[in-house]
Amino acid sequence: MRLTLARHPVTDIRFETATRLEGTSLFVDVEELRRNILEDDSLRNVDFETVCPGENCRAAPVFDIIEPRAKEAGGSQDFPGILGSPVTAGMGTTHLLAGAAVTVLGERAAGGSGGAIGRVLEMSGPAAGGSPYSSLNHLIVIPHARSGIPNHAVQKAYRVAGLKASVYLARAALSQRPASIETFDPVGPTEKGHEGLPRVAYVGQIFSRQRKPEVDEQILYGANTDGMLPVLLHPDEWLDGALVPSYYSSLGGAETYFYQNHPVITELYRRHHARELNFVGTVATIAGSDNEDRDRNCRAAASLVKWVLNAEAAVLTKYGGGVPHADLAETARLLEGMGVRTAVMVSDMSRDRRVESALLFNFPEVNAIVYCGGNGTSWNAPQVERVITGSPEAGEALAGLREIGAYNVAGVANQQGASRLRAVVY
Amino acid sequence: MRVVHYLNQFFGGVGGEERAGMRLEEREGAAGPGRLLEQLLGGNAKIVKTLVCGDNYAVEHQDEVIASVLKKVQEAKAELFIAGPCFEAGRYGMISGALCSAVQSELAIPVVTAMAGENPGADLYREALYIIDSGPSSAKMRDVLVKMAELAKKLVAREEIGLPGEEGYLRRGLIRDEFVEQTAAKRLVDMIMAKVTGGPFESEMVPTSFEPIPMPPAVKDLSKARVMLITDGGLVPKGNPDRIEGSAATRWGAYSIEGLDDLKGDDYEISHGGYDPRFVQEDPDRLVPLDAMREMEREGKIGKLHNEFLSTSGLANPLSNTRRIGREMAEKVKKEGIDAVILTST
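Listed in order, the protein sequences are those of chains A and B.
Every letter in the first sequence is one number past the one before it in our numbering, and letter 67, counting from 1, is 68.
Every letter in the second sequence is one number past the one before it in our numbering, and letter 310, counting from 1, is 338.
Don't read these hints as lab results, they were simulated from the structure.
Bear in mind the structure is a predicted one, so any value in this text is a computation, not a measurement.
Using N, Cα and C, we set each Cβ at its ideal position, and we do this for glycine too.
Any given hint might turn out to be false.
[To be verified] Which residues of chain B face chain A? A partial, calculated answer using Cβ under 8 Å:
no., residue
1, Leu191
2, Pro192
3, Lys214
4, Val217
5, Lys223
6, Thr236
7, Asp304
Using the sequences plus the hints, can you model the full thing?
Shown next as structure tokens:
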């Protein structure tokens, strides 16, 4: 497996009659894109907006954020299992529009920890400084579902609309010469060239079974993960479209953008290339719905890391709130018991901001903890010139917004490792 | 800046243990360590009043002493209140903590005290206050006063207060957030590299240990026992009459099951955001096993099932809430003369 990323920087997005990339300007024929997206019968219409870095603007509720990417012929497919057949992702060349994003808005917030406004794309003000998304050029996609369609079908339509838009935009770069090309060194327990360096694996949760996934909720190669056991993935599969987030995510959230630019995987790759460590592979896992499910998943994930990847160290991230937190800690505890050293990344569980409420575990060996904050931290939400929403209700909520919490700003407390928020004990 | 300073009889220069019974007295200006403190506070800082009280009197008449200190601090138009430093003196630490805490909450002005980490006053008040770590020895008086003055100046100026190690205060056990240069992913990989190569690393959070809860004695005769069902699965009557929150609940309810043999999904709803509630909604006995308990009651396996069950929602709830809810439920259980409780969770 060898993935090549061909980067085309984009510094502005404009609506025009023919879609093309000229230098770093992306021109978009929105009529063509609209026709493409409205092939889906579940949608009655779709609107588009553009937003540039630092603009005095906010948009919500965010359904997903995606980096525009398109596969060159001869490699694997774009978002296999969702837009195409579920062939293995991560092969061949992928062209990407660096600095650009497709941001899909829902027509109402998904609920959960997001509350009435859901997750907000905040482009200016104090909270925006902590979100990597505020420095991107966004094509905002606002799909409108037909009435009477069940919620899961609406969500699927949003998903497909965002991915299609992402591929559509990046195809403009296929004929162009990229500004830079990155090819990843081979990784895996049997690859040569990194002998003697610490063998490190990544264990990432991709779903929590606190909620049953919708039957057509496409998460891993189009599968909804129901009944799935932990599975080995090549790191390039995460980066190249095998995975998208669930329709629901709690606390800091997760977006397709940071699967494509996975902060933990790209950091492990960087050090693999720098010969500081030997990146042996990844395991995608799920937080359980009951004790047996939990035991089964945690043990299976730990076994893959130890006995298949032959790792001597592992880093772990969670997906969601309390159950994922406890399962992550249990997996780490099992790994430590097998002689695999661990470091874990968790989001904040302390509603009362007391250390005693912060962690849902107390295992002496799980002692390397990266703690992203979030609870109770909020910023002044300045009045903005432009509010972009998927619904009048969201528009009202956003118009009255005076303060915005960390968990409501897309990217600030991201659970995939992009967060620069850190909890400090005092 | 007007400052009021509190001292015990010893540091106030009145006498040792033999004068520990003295009542609260008031002096104009600075006294004892207050003189150096005033200098260290610098600028226009002036200790306008020093309050001195015997340690025994203060702890034995705590409410009275707090009330008079509050009055005097207010009369003095103080903008800062300082107590101690108390080092290892337990009674002195207790009253200094109590006074600072009262002044802070009642008068909303900055307060600073200092004591050793082992001082019982530290245990009680470290979460609520900035307490400079004085260590045990009063030989360090000058160093301690320097730290107290620096911290006090920052509090008055409403500057951001640094970490315990930087400012010299006892860790309060609280969390706040800040943006840092490195992403969480970078910090994570840094940490695993340090750990796996045997290098030093600092976890960003430290687990809390809790006292083990001893197993209660077994129920002597279950066939005579009064049994109660309690759940944290969020089962509530339709309409959620007590408005029990589905997350971080602050409330709980007691719901009658008198005359019922079976719970019907139509009569109940689930206020809990942390699990898939469909199976419980379909048949609430899956969470609150009334049907099974009635059977055991009829067979004489248990004496009597209490005629109401208690319910709250156990999701993302801080211990400060759950401790209180637990205490309140335990009081109810005692009052009802219950011999055994079955706790069901999700």
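Cross-check of the supplied hints:
1. Leu191: Since the shortest Cβ distance to chain A is 6 Å, the answer is holds.
2. Pro192: It holds, given that the least Cβ distance between Pro192 of chain B and chain A is near 6 Å, below 8 Å.
3. Lys214: Since chain A brings a Cβ to about 6 Å from Lys214 of chain B, closer than 8 Å, the hint holds.
4. Val217: holds (5 Å)
5. Lys223: holds (5 Å)
6. Thr236: holds (4 Å)
7. Asp304: With a closest approach of 6 Å, the Asp304 of chain B hint holds.
Checked against the numbered hints given earlier, the structure satisfies every one of them.
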